[in-house]
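Asker: So you can see what is in the structure, the chains are spelled out below.
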Amino acid sequence: MNLPSVSNSHKTNEIAVSVRGLGLTYTTAIDRRPTLKARVKSLGRGGKQTRVIRALDEVNLDVEYGQVLGIIGSNGAGKSSLMRVIAGILPPTQGRVEVYGSVSTLLALGVGFNPSMSGRDNVYLGGLAAGMSRVEIDSHFEEIAEFSELGDAIDAPMRTYSSGMYARLAFSVAATVRPDILIVDEALSTGDAKFKEKSLNRIKELRSDDRALILVSHAMATLEDVCNDVAWLHKGKLVQRGEPKTVIDAYREFLQVGKSAAIDEDV
Amino acid sequence: MSTPTQVYEPFRAGLPPLRRYWKSLWSRRTFIAEYSRSELREQHFDSAFGQLWLVLNPLLLSAVYFLLIVIIRGSSDSTRYAHLTATLFLFYLVANSLTGGVKSITAGQRLILNTAFPRIMLPISAVVIAIFKFLPTLAVFLVIRTVLGLPFSWQMLWAIPVLLTTMLLALGLAVTISCINVYFRDIASFLPYMTRTLLYLSPILYEAADLKPKLKTLELFNPLFPILDSWSRALVHGQAPISSHLLIALGWAVGIFLVGTYFFLSREREFAVRL
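Going down the list, the sequences are from chains A and B. Be aware that the first sequence starts at -2, since it is given in this note's numbering, and climbs by one per residue. Be aware that the second sequence starts at 1007, since it is given in this note's numbering, and climbs by one per residue.
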């Protein structure tokens, strides 16, 4: 597929994202659904209502234009938290994050936030919330609908979608708007084999000198294939950063799973 | 090196930089319009029957109270019925803002977790939806008023500032309750009891002037009291509202809006981890 070229003012090796001494601690409710009733009932018992989570600790990370950075790490390593701080969704507790350019996060256009509305409405609302104009969304919409291969389902309420359809629409939105900085959080491997390949190809197409891509994934083989740089996070700290193969091998060794098929699998 | 487009740093308690917040909110005003449009379309208010239902619902309600007051209590005064309908419709503007607003943040979870935007957009949209639902009922009221043969007068224009005050109050309440619901999710279940109590404490089923002096203190604690009384005076009786009532109403609306917005803005940055 030939994409219209976009003229960005960013040059290769110019800094795209600068993360300095980033720490993120947050207080979250223990109950999934905190209620007044539960709070009143626990009065006097002194039970704790919230717990403090240290998600990121002294993370320093620079991403340059032209880079395709893969982020790896076990569950709870702080990968998604880091992405959310870069996208401005979570405010940092310490440190400073500077972003030079427009950011789009995958799923980030909030697609499907209202399941009773159609896919079309959700794409528009997600885009508008992310700060795009109607005209901009109009100009991308056909491409989004076509890429997602949803057909007529685009006008059906999203509650009728399968999880694969959800993911396809979300991917299509994020990959079509062509931001300066694209963050894809564990969504590379959605959909069936055919769509997986198609989305991977799209990511490859999006690699360009004037764009920075940050991919969070557990699919090591894919990352090794696509990225030119990999960072490994563990328990909120940056462990290693560098050549994809070196870092991934170190991570594999750490996991002591060797080159078993399971981690090459896009699961 | 060029200047960064965005800088994220730790925030101290308190408000975010208001100018930047406002700019960001203003640039997303189409979201609010589009959101209310899609929501109303989804509830079928774009079709003729949907609109009919919008009008029918408050009309049936007023019919129930009409039965109660005019038929059972036996007062056959046409202004009585006009008062009942006018105030009930305005009350539903506030009540709908509350019911729409309470879950606006928790229901927008997916959007909040994945997109950076001024969170206050969500309760604002809920109030805009309530306003769109209110407008046709206002038209119905004017028809009812004409049928009842009540005289029109210029003093009725006082209803405009009263309506604006009500909208501000509704917005303040929606913003506040949407924020509270993040921390206490069962507020939404208490809400029907709260609105019902508010309904009985407000001069809807009775007129403010009929109230026993002993109960006059109600006026002090219910922000809707001076609003509904002024609304009824202007729109039903065609008189200028009592100026102290107008001022008290405005005071309540501005107060609740400022306190609620401060509360919301100082907390909204942590919504993403609370959802």
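Don't read these hints as lab results, they were simulated from the structure. Keep in mind that a hint or two might mislead.
To be verified - As a list, the in silico DSBU-like pairs of lysine-lysine whose alpha-carbon atoms are at most 30 angstroms apart:
| id | chain 1 | residue 1 | chain 2 | residue 2 |
| --- | --- | --- | --- | --- |
| 1 | A | K234 | A | K191 |
| 2 | A | K38 | B | K1222 |
| 3 | A | K8 | A | K38 |
| 4 | A | K201 | A | K234 |
| 5 | A | K234 | A | K195 |
| 6 | A | K8 | B | K1029 |
| 7 | A | K8 | A | K191 |
| 8 | B | K1109 | A | K34 |
| 9 | A | K191 | A | K242 |
Asker: Now, for every hint given, state plainly whether the structure supports it.
Answerer: Status of the hints after comparison with the structure:
Distance hint between K234(A) and K191(A) is unfulfilled; the C-alpha atoms sit about 36 angstroms from each other, more than 30 angstroms. A C-alpha spacing of about 36 angstroms is found between K38(A) and K1222(B), which places the hinted pair above 30 angstroms, so the restraint is violated. Of the pairs offered as hints, the one joining K8(A) and K38(A) is violated, with about 59 angstroms between alpha carbons and a cut-off of 30 angstroms exceeded. As the CA atoms of K201(A) and K234(A) are separated by approximately 28 angstroms, the hinted pair is consistent with the 30 angstroms bound.
At most 30 angstroms may separate the alpha-carbon atoms for a hinted pair to count; K234(A) and K195(A) exceed this at roughly 33 angstroms. A distance of roughly 28 angstroms separates the Cα atoms of K8(A) and K1029(B); the hinted pair therefore holds under the 30 angstroms criterion. Only pairs whose Cα atoms come within 30 angstroms are accepted, and K8(A) paired with K191(A) is rejected, the gap being roughly 33 angstroms. Using a Cα cut-off of 30 angstroms, the hinted pair K1109(B) and K34(A) holds, with the two alpha carbons roughly 17 angstroms apart.
The suggested pairing of K191(A) with K242(A) holds, with an alpha-carbon distance near 26 angstroms, which does not exceed 30 angstroms.
This entry does not satisfy hints 1, 2, 3, 5 and 7, going by the numbered hints stated previously.
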